[in-house]
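Peer 1: In case you want the letters, here they are:
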Amino acid sequence: MKNRKKESKLKKKILKKQKSTREKKIYYLTYTTQKITLKHTYYYSVVPFFELKFSSPVVVKMRGATSSGGSGDGGMADSAPAKRNSRKPQYSRFTQQELPACKPILTPGWVIATFVGVGIIFIPIGLIALFASEHVVEIVDRYDKDCIPPNYSNASLQYIQSSKTNKTCTRTLTVPKQMKSPVFIYYELDNFYQNHRRYVKSRSDKQLRSKAGESDTDNCKPEAVTSTNAPIVPCGLVAWSLFNDTYGFSLKNKALDVSKKNIAWKSDQDYKFGSDVYPKNFQSGGLIGGAKLNSSIPLSEQVDLIVWMRTAALSTFRKLYGRIEVDLEANDIITVTIQNNYNTYSFGGKKKLVLSTTSWIGGKNDFLGRAYLTVGGLCLFLAVSFLLVYVIKPRPLGDPAYLSWNKNPTGQMSWNS
Amino acid sequence: MKRFVYINDDESPTQELYCDNRISNRKYTLLNFLPKNLWEQFSRFMNQYFLLIACLQLWSLITPVNPASTWGPLIFIFAVSATKEAWDDYNRYLSDKKANEKEVWVVRKGIKKHIQAQDIHVGNIVWLRENDEVPCDLVLIGTSDPQGLCYVETAALDGETDLKTRVIPSACMGIDSELLHKIKGVVECPNPDKDIRRFDANLRLFPPFIDNDVCPLTIKNTILQSCYLRNTEWVCGVAVYTGNETKLGMSRGVPEPKLTAMDAMIDKLTGAIFVFQIVVVIVLGIAGNVWKDTEARKKWYVLYPNEGPWYELLVIPLRFELLCSIMIPISIKVSLDLVKSLYAKFIDWDAEMIDYETGCPSHATNTAISEDLGQVEYILTDKTGTLTENKMVFRRCCISGIFYGNESGNALKDAQLLNAVASGSTDVIRFLTVMAICNTVIPVQSKTGAILYKAQSQDEDALVQAAAKLHMVLFNRSGNILDTMLLYFIMKCWRLWSSLLTGKGCQLWSEIARMERLSFCQKERMKLFFLMLLQLLEYLLMDQPIPGQQTRTFSEAVEQYAQLGLRTLCLAWRELKEDEYHEWYLMFREASSTLVDREWRIAEVCQRLEHDLEVLGVTAIEDRLQDGVPETIETLRKAGINFWMLTGDKQNTAIQIALSCNFISPEPKGQLLLIDGKTEDEVSRSFERVLLTMRITTSEPKDVAFVVDGWALEILLKHYRKAFTELAILSRTAICCRVTPSQKAQLVELLKSCDYRTLAIGDGGNDVRMIQQAAIGVGISGREGLQAARAADYSIGKFRFLKRLILVHGRYSYNRTAFLSQYSFYKSLLICFIQIFFSFISGVSGTSLFNSVSLMAYNVFYTSIPVLVSVLDKDLSEEMVMQHPQILFYCQAGRLLNPSTFAGWFGRSLFHAIVVFIISINAYAYEKSEMEEVAMMALSGCIWLQAFVVTLETNSFTILQHLAIWGNLIAFYVINWIVSSIPSSGMYTIMFRLCRQPTYWITVFLIVAAGMGPILALKYFRYTYRPSKINTLQQAERLGGPILSLGNIEPQPRSLEKEVSPLSITQPKNRSLVYEPLLSDSPNTRRSLGSGTPFDFFQSQSRSSSSSYSRNCKDN
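Here the protein sequences line up with chains A and B, keeping their order.
In terms of our numbering, the first sequence is numbered consecutively and its last residue is 740.
In terms of our numbering, the second sequence is numbered consecutively and its last residue is 1119.
Be aware that a few hints might be false.
[Claimed, not checked] Here are the simulated BS3-like cross-link-like pairs (lysine-lysine), alpha carbons at most 25 Å apart as the crow flies:
| id | chain 1 | residue 1 | chain 2 | residue 2 |
| --- | --- | --- | --- | --- |
| 1 | B | Lys-30 | B | Lys-116 |
| 2 | A | Lys-675 | B | Lys-301 |
| 3 | B | Lys-1032 | A | Lys-426 |
| 4 | B | Lys-1032 | A | Lys-716 |
| 5 | B | Lys-301 | A | Lys-615 |
| 6 | A | Lys-544 | B | Lys-301 |
| 7 | A | Lys-673 | B | Lys-301 |
| 8 | A | Lys-426 | B | Lys-1022 |
| 9 | B | Lys-261 | B | Lys-197 |
| 10 | A | Lys-524 | B | Lys-301 |
| 11 | A | Lys-675 | A | Lys-500 |
| 12 | B | Lys-1022 | A | Lys-487 |
| 13 | B | Lys-301 | A | Lys-468 |
| 14 | B | Lys-301 | A | Lys-490 |
| 15 | A | Lys-426 | B | Lys-348 |
| 16 | A | Lys-716 | B | Lys-1022 |
[To be verified] One-sided and incomplete, this derived list gives chain B residues near chain A with beta-carbon spacing under 8 Å:
| id | residue |
| --- | --- |
| 17 | Ile-80 |
| 18 | Glu-593 |
| 19 | Gln-1038 |
Think of the hints as simulated: they come from the structure by calculation, not from any bench.
Glycine residues also receive a C-beta, built at the ideal position from the N, C-alpha and C atoms.
For reference, chain A alone in the conformation it holds in the complex:
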């Protein structure tokens, strides 16, 4: 800091000096123009018919004009003097590239301090994040395989595609720890590419938003219109493949209420899905994709659809199914009645039911905590190793001995390259 202050003081001094020298220079300029003029004006005094006088200022001006015409960039000679004045650069710190600047360099002190600082900040944050993640209670139950009756175990596809088979499946879950309400219910799909280009593009936001956009189904192919060319609402592959497994929960033979309130984004309900848009011609074609929709409920109330339509960026994702608004105690046994309708068997995707509490960092996810600990640790390690290197093998900064041209004769460098 001290150095910087000194520097700025010095700079000011220099600037002052510069100003004064500039003034001098300008004075010199006028002086020389006159001198030149006098030189070029040969004054011949003795001849009687020439008047004796010194060169008039008019002459001076004219010479000035012509010599400045020399600096014009192709302009006419008579416009030259004006041009010259305007072309005289204005002095400012910006134009002279002399804006006050701070020029930090990577001194060992700064770098080591930065790494230590990052390490010290990151490790506690990592620990907190990890702790928060550990605090989340999560029950994950994969049911896609187990919900297939043994006689269909080799023909799961047939089982799921047949409309005659009984798709009901009962699972029991044990709560490992107390789960404070709200307990979120998710279904997790795996190997399901909601981000596939063909899939993700196949929707019509206009149609979802308002009734007026009903026929806007261009992007929805191949699920755009019925065979009679009537628009499907909601159209597109995303809506068509709506997840249709359902879960019923009971605790100690008492049914647990699953709240579907607020599981979709409010903004979606308000703006993206119209309250005047009702499902039409949905799932009426030959190929049935996923769930059917109650055509008397407007889209803005079809929360499962709204959740589903928020496409996931990864091929493994969880979507909110509902919430249980009561606390679950440790060792509670929950019975889940699953309607196993959704076909993930054809592409080998897994289906999981997830019950989870939440914390400030969201669901159970150790990644952030671990990453913070790793990065923090690495920073500390780097700091220590830099410190060691600095202590063991100090190297003065800016040592002129490293300037090789002080050893070699000039110009040799360019041939070496």
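Put chain B on the given structure of chain A with help from the hints.
Peer 2: Only chain B this time, still in chain A's reference frame:
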């Protein structure tokens, strides 16, 4: 090819043959602007590429993003450059219109009429008055002056501000001004060309103005478009070339754009990225098709049809092509253009490069090549006016064996000489007469009676003024008649008969009685002078030895003056017999009316008169070295720049100047190798010797320079080009004396062909070709007019500014562009890599992670602004660079932008993409993996990393940099909040949601730490333990300590060695005062001697049939 112009013939069919006088500098018309401009813009590869991408995006099946994300920036960029073009063109249109609608007096159907300039036709007679601008190229037929003279100012044409005399052809002499508008005739002239020094035509008048003969016309009989008529009441002339076919119009034209080495490198890297992109596209395309056939068909929810259209295989690769198209940053061209024009502005603004004597600031005409300044390897410099001031002062003379001015150093104050003048010594009087009249100086009497001399060359000016001070006053010149006055009362009148066009400055004069001055009587006493300037003495000694003269004294004088570095001239004369003159005149007349090779034939005829000359004396003129020249050259040589001096001057003088301005080191450190010889054999032998020595000495730390003269150079370039190239590469310094302008250009070409970046600097018209040829041309806006400065890319006031131009502006420009261009690629690659990684987890289907708006804004806005302020970045302070010019080596060798540094940036972007991608998808997994949120997460990660990368790579932070870097970061959030608050946008509420989540901020900081940590560690390690010289100097500068001592480590024993050097001059009192002898280093001198034709013209036509003649050429 000839054109016949029928004077004043309204019915002539030729009128339709040639265009009217409508001047049009416009590139476009209203109708063709759009197509033509678009066509021009699309002729660039980059633009074609972007257009192709944009068109492909219109196909909705394959486009991953909204086409607007490419069309928007593309249209913006096109609109910017089209607007610029349109604006320029509109201004051109306005100035054209002004010129076209100017009213002029023209003869129509025998009557003088006031019409607009654009309606002038070829063959019309045009009347002009004093101070009028000439509307088209005219052949003079009448003036107000009784001797048929007029004066024009040609500043707009060639940049020279002095007045030039023009004369009406002999056939029109004496025609009454009342009859002029009735004149009829035919002018036979060549088709339009752009040579403003040449006009070989004939004029034949029809009855009643019949002249018995064809009258030859030269450039002297014309006044060209854009000149101004001065000091003449009126003139009238015949339009021969009109509109865009005038000499000015033909020589106009867009100079070929120069491409900097850096641009070439960027293009190369762009090409490499393009290839990389194609490879990525092919690989991903194949992978995508495979995945589609194996996996996607199983996914019932994708509903892939079993049968696709024929182009189905192409769809996925094309999608990836579009996805990867952002690899080549669309903004780089605009950014580069922008910063380049700012570099140029910095040069224009630089207060330290203003020449305070003339008030003339430096100027960058070419705004696109500033980076090349930092990469200069060879500087080829002119001598007179470039290294020296070109301010001539008459110092000494030697008349008939007596030296004047040797004691006082100023012959004008030498009492002996003044006495000799007063006593009327014949030799001295003759000497002074020659000095006073043999020139083209125009004395202008001001109203106050003062005589102002308007001279085309500084040498002439010096001589005439000196003569005047020695009481031989030239006080009036009207055309060919001169009045001089000796000792206030002896008035004499002289008539110029002819200027001999051999380039030696001979003129044919006779003394006439004062009353005869108006009559055109040829029956005068033929007492003709031969007056010569230039190195006449050597001719006398070598070619035409004259018996019984004290040639030895004169050659000694020349030698002595040259040693002092003075410019020398020999004056000589000869009396001519009348019949000899007439005999010669017939031949001359015949030669001068030929249309083919006229100049050459005239020169041959003129040659015949030049013999038996009697030497009158030698003059010596001083030309001081400019301030700071030795220091500048020393600094730049330390910076590893090689200097070549190309001069038309004598070998001795050149060597003296070279020594005094640190060009070469004196013995024993330096060594001069001479290549000379009169015949080809001698030259080649001497050359081989030099080459051999050079090869041996390259390993030694010795300054070896070779000296070659124009004659030898011509042979070498013709027969030993390859070996000479080798020599040129081996030697750091060369002195080429007595070279012609075309040879200068050839040398530049030679160095360019070895892939060296050359900078040519000069001040006169003879340097123009060299300046245009070189990668960078620098013109000194000096006393010899503006020709060089106008042709150059940069014009500076003084040679010493070159140091600042190269070391400060060139170096900074290079560094800044190096960072900017690589950074542009880095940020584009970064986002592209993320897209590619995302495609791996989205079934290789070509889904874009980011939405269109973000992509567009990322490329055009978020990442372009912070980096633009890198134009203010300074890695080292200016003083530091000046102290250690060697640091320029990093720029010269292209150490900051080359494939390996680029690979570093490539790796960095790959690393950062991995960091951003892995962290984003892991932190936002499972229930959080919503597409828009993940996308914004990744984008925020990129933006934050950008900010820190720019911060890390910036060396000096001014307030603007802070504003741009952190302001940009804030702007990113503000913009996204705004977009997030629009319900119809796909991003509605996303950014608000994210900013409320602690996870988001934690993730951002994780990305920054994980992305920047290794980079910082690596940079720190390199900076401290493997520092480059730039780093070392940075550390030294910031930490204060050893800088000052550092500067003194460099030994500077040069000044000491100078004293003992055998080459050094014994007499000079101080170093900055250096004299040089005169030789026509500039065409001005030559032209002023009456010729008006540069002689290298012949050389370029390789016409050297007469050996003595070709020697003449060479010496020019």
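Peer 1: Which of the numbered hints above does this structure break?
Peer 2: As far as the earlier hints go, 1, 12, 17, 18 are violated by this structure, in ascending order.
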